[in-house]
Structure formats: C-alpha cells, structure tokens
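If you read the sequences in order, they're chains A and B.
In terms of the working numbering, the first sequence is residues 1 to 328.
In terms of the working numbering, the second sequence is residues 1001 to 1156.
To be clear, the hints were calculated from the coordinates, so they are not data collected in a lab.
In this text, all values refer to a predicted model and were calculated from it rather than measured experimentally.
Honestly, I wouldn't trust all of these hints.
Ranges of calculated distance between the beta carbons of each label pair, as one might list FRET restraints [unchecked claim]: (1) A:Leu76 / B:Arg1047: 35 to 41 Å; (2) B:Thr1032 / A:Glu221: 46 to 52 Å; (3) A:Ser234 / B:Glu1054: 52 to 58 Å.
The list that follows gives simulated cross-link-like pairs (lysine-lysine, DSBU-like), each with its CA atoms no further than 35 Å apart [what the hints assert, rightly or not]: (4) A:Lys60 / B:Lys1098; (5) A:Lys134 / A:Lys64; (6) B:Lys1061 / B:Lys1099; (7) B:Lys1061 / A:Lys60; (8) B:Lys1098 / B:Lys1059; (9) A:Lys64 / B:Lys1140; (10) B:Lys1131 / B:Lys1095; (11) B:Lys1059 / B:Lys1097; (12) A:Lys134 / A:Lys326; (13) B:Lys1140 / B:Lys1097; (14) B:Lys1059 / B:Lys1028; (15) A:Lys308 / B:Lys1024.
Even for Gly, the Cβ is constructed at its ideal location relative to N, Cα and C.
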Amino acid sequence: MSLTILNAVIAVVIAIAFAALNAAYLVWAERRGAGRIQRRPGPNVNGPLGLLQPPADGLKLMTKQLVIPGGADKALFMVAPVLAMAPAIMSFVTIPFSDSIVARSMDIGVLMIFAFASLGAMSVLLAGWSSRNKYGVMASVRAVSQNISYEIPMLITVITIVMMTGTMNLKELVASQSGGIWNWNIVPSLSSPLMPISFLIFFTCSLAETNRAPFDLGEAESELVAGFHTEYGSMGFGLFFMGEYANIVIGASLITILFLGGWDCPLGLFPGVWWFLLKIYVLIFSFIWIRWTFPRTTIYGLLNLSWKILIPISLFNLLLTAGLLKVF
Amino acid sequence: MGAYFSEIFRGLQSLATGLGITFKEFFKPVVTVPYPYETIKMSDRFRGHIELVENEEGKPKCVACGMCQRACPSGCISLASKSVEYEVEVKGEMKTKKKKVLTKYNLNFTTCSLCGQCVESCNFGAITFSKEYNLASSRKEDFHFDLLNRLKERNS
C-alpha cells in the first residue's frame, strides 16, 4: 500500500518538475526564437546563451509584492493563477512518454485531458472577472468565446481518431500507430483520406486553445492593456505565464500522440522516449515560429475561421471516416 | 462553393509564404549591436559636444578671439586668456611680440543645443565636434566640461 502511495508521489513530483522546467525554459526558447526571427540575439547576458535568464526571471517575480486591487474578489483572484497551472500538471499524469514512462495509463485518457483543458478557460474567465478591471473582463469574454468555438472542431477531430483506433487510452492510441511513419494517423489511409487536413485543424485548434498568437485575443496589448492578467503582478503573473507554456507542452504532446505516432520512430527503429521528446519540441518550435510570424487576427476573423471553416470541414471528415470505416 | 475553397487554399498558401520568410530570417546573422560591449563608430557628420583641436605641438589651436563665445545662442561657452610675450626672428633681427594664450575654456553642456554655430564661427578650425555620445549622469556637474583639461588628458 505504502509503495503505491510512494509511486504516486514520485509521479506527481516528476510531473510538476517536468512541467515547471519546461515552462521556465520554453520562455527562454521563445525569447531566443523571437530574437532570431527578428535578427537579434535575444537574452544572452545571464549565463552561457542566456540560460540563467529563467531562474533570474523567477527570482525577480517571486520577490515582488502581490498587489490585490481594491474591489477585487480576493479568493477568486488568488485561485485563478493556480487554476491556470494545475490542470496542465494534472494532464501530464496520463500522458505516455514512452512504452514504460507513464504515470497512470487511463482508459479515458483523452477525455480526461480535454476535461482539464477546458478548465484552462475557467482560469482566464476567473482572472478577468475577479480583478474588477474592464480590460480583464473584456479579455475573459473573448478568451471564453474563443475556447468554446475551438473546442468543437478539436473534439470532432478527436472523435474521428477515436473511431479509427477504437480506444481512448493514450497508450493504446500510440500502440495502434507503431511500426513506422506509414502507420501514423497523419498519413491518409483508405478509411481516412483526409487525415492531413484533420491534423491541420487540430494543430490550429491547439494554438487557439493555448491562447497563442495569432489567436491571443485575450492578451491583445494594443486594445486590452495586458488582457486578463492586467491586474496580476508577482508570481500570480508568473503562474499564468508558466501555465501557458505547460499547456503548450500538453498541446504538443497530444498532437504527437494523436497524429504523429507518439514515441514511434518514423522508420520503425529504436522507438523510445527520445522520439517523443524530439517530436514535441519540433512542434513547440513551430508554435514559436508561428507566433512570431503572423499578426493577431480580429475576433471576427477568429470566430469565422472556427465556425465557417474548421467545424464544417471536421464534421465532413467525421462523416466521411464513419462511412468509409463501414465500407473497408 | 468554389470561391470558398479557393479562399481557404489561398489563405493557407499565404500563411506558408510568411512562415517561409521567417524561417529564412531565423538562420541569418543578427544585425543588432550588443551595445555596452560593442559600439558603432559614429559617422563623420555626428555632432557631439565641442572639443578643442590641437596643433602640432599638442597645444590648442585656439587663439582666444572669443568668436565662438559670441556666436553661441545659449551662452554656454566661457573662455579666458592671458597675453604672453614671445620673441620671433623677423628679417634677421629679434622682435618681441604678444599673443593671447587660452587659460580656460569651459562648456556648459546642460544648455548647449548642439547647433554648431561655434564651430562655424571659428576662423582657425580650433574647435570640432567630438564623437562622444555615452553621456549619461545623474549629476549636473558632469556636464560642465573643461575642454582644456580634456585636451590635456587626451594627450597624456
């Protein structure tokens, strides 16, 4: 009995450490990447290649005073940043990094991750609303409408995949794609000829779900000061930041598991955790790359993209796959 | 229906073009200068505060005529001089002559507007713009330059 508790504690500690380390160093990667794309070096003063920048940032944030604005809902104001980080860490519990590295392999892993991902929108809503700031509220409204409209095509795409593989267990999902690149879900097969498009839809929705540019309407500086975290300073702001990057890691892991064969090697050789990490970091790089390439869309453009393009196409794909699965 | 799909396709194409451009930029060398560690050489036409020009002996070229002082619209130049007698050989015989020697040349940079009237008014080319631009201080006194001293320090 005590051994299972110990196992659980170790799993949680590793999940938190992985999430926090990634969150901290993805900020560094983001700033370096942004620098390179804009032909400047980025943070390069603290330590070699600026690698000591994240600890320095964290130290700075932790030593600052946490100001609660007058008239704010104190309890919710304090809970919101925690709610941004906690679901991301929870999701790590069921993500399989390799055949043997998974904290808890659940039969409803996909469902659980999406349930927790929806909580992320709650943290944005609570943060904006509880800080009693008009910009915060406007940003929350935007972020919630965005999250609702992008969860639909995302889930329809996931349903398509679940129909094809017949399982919601993330580990079995990867196992069903093992054996090389031709078995991955992204490659079109007879029963699912539109999978590359599904991949694009899912990728776009992950960007929108994590509130990343070009879909970062909730943080539109030019019109909303800083968006939902306008009133947050100190580590409250830090937690929002870390939550965003932890969510990016979750998004990249999900794309890898659902479409890119998880820890499977493209040629079927040496499957292992290194392939999984390689894939998620390539995806994260593409997130950063996209963020520093495209300007922010308008809220109408954003909602039109979801309701007029992504949802119809993903629905069509769902019906087509359902029909073809029956035939073949 | 056709317009709907062609719009999506064209949109995707333009997104891919944008990504291609930033990807190429990613691998190009950086163009910024890491300022405190490296600095750019200022161009010839850069106007810093003024500086005295020296002659071959390392003394200031200035003859203390005071034209710059008069030309300055902000009155930020103040100079002083003294008369010195010296002997010079003219047509085989020694003669005693007088000339002015600069004893003080102060520039109050806090009121200077860098208009350059002083440099233009100088008939002897004795003052010029320096290329100094690292001029930040929290004390006013740091901007009262003693140009004679600066010249001495440059030569030492």
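To see whether the hints hold, each was checked on the structure:
1. At roughly 57 Å, the beta-carbon separation of Leu76 of chain A and Arg1047 of chain B lies outside the given 35 to 41 Å, and the hint is violated.
2. Checked against the hint of 46 to 52 Å, the pair Thr1032 of chain B and Glu221 of chain A fails, with Cβ atoms roughly 22 Å apart.
3. In this structure the supplied range 52 to 58 Å holds for Ser234 of chain A paired with Glu1054 of chain B, their Cβ-Cβ distance being about 57 Å.
4. Straight-line distance between C-alpha atoms of Lys60 of chain A and Lys1098 of chain B comes to about 67 Å, which puts the hinted pair past the 35 Å bound.
5. Among the hinted pairs, Lys134 of chain A with Lys64 of chain A is consistent with the structure: their alpha-carbon atoms are about 24 Å apart, no more than 35 Å.
6. Between Lys1061 of chain B and Lys1099 of chain B, the direct Cα distance comes to roughly 13 Å. Compliance with the 35 Å bound is thereby established for this hinted pair.
7. With a CA separation close to 54 Å, the supplied pair Lys1061 of chain B and Lys60 of chain A exceeds the 35 Å bound.
8. Restraint check for Lys1098 of chain B and Lys1059 of chain B: the C-alpha separation of about 17 Å stays at or below 35 Å, so the hint holds.
9. For the suggested pair Lys64 of chain A and Lys1140 of chain B, the alpha carbons sit about 33 Å apart, so the restraint of at most 35 Å is met.
10. In summary, the hint linking Lys1131 of chain B to Lys1095 of chain B is not supported, as the alpha carbons are separated by about 42 Å, beyond the 35 Å threshold.
11. Taking the CA atoms of Lys1059 of chain B and Lys1097 of chain B, the gap is near 19 Å; set against the 35 Å cutoff, the hint holds.
12. With a C-alpha separation of about 52 Å, the suggested pairing of Lys134 of chain A with Lys326 of chain A is violated against the 35 Å cut-off.
13. Straight-line distance between C-alpha atoms of Lys1140 of chain B and Lys1097 of chain B comes to about 41 Å, which puts the hinted pair past the 35 Å bound.
14. Between Lys1059 of chain B and Lys1028 of chain B, the direct Cα distance comes to roughly 49 Å. Violation of the 35 Å bound is thereby established for this hinted pair.
15. At most 35 Å may separate the alpha-carbon atoms for a hinted pair to count; Lys308 of chain A and Lys1024 of chain B meet this at roughly 33 Å.
Checked against the numbered hints given earlier, the structure breaks hints 1, 2, 4, 7, 10, 12, 13 and 14 and satisfies all the rest.
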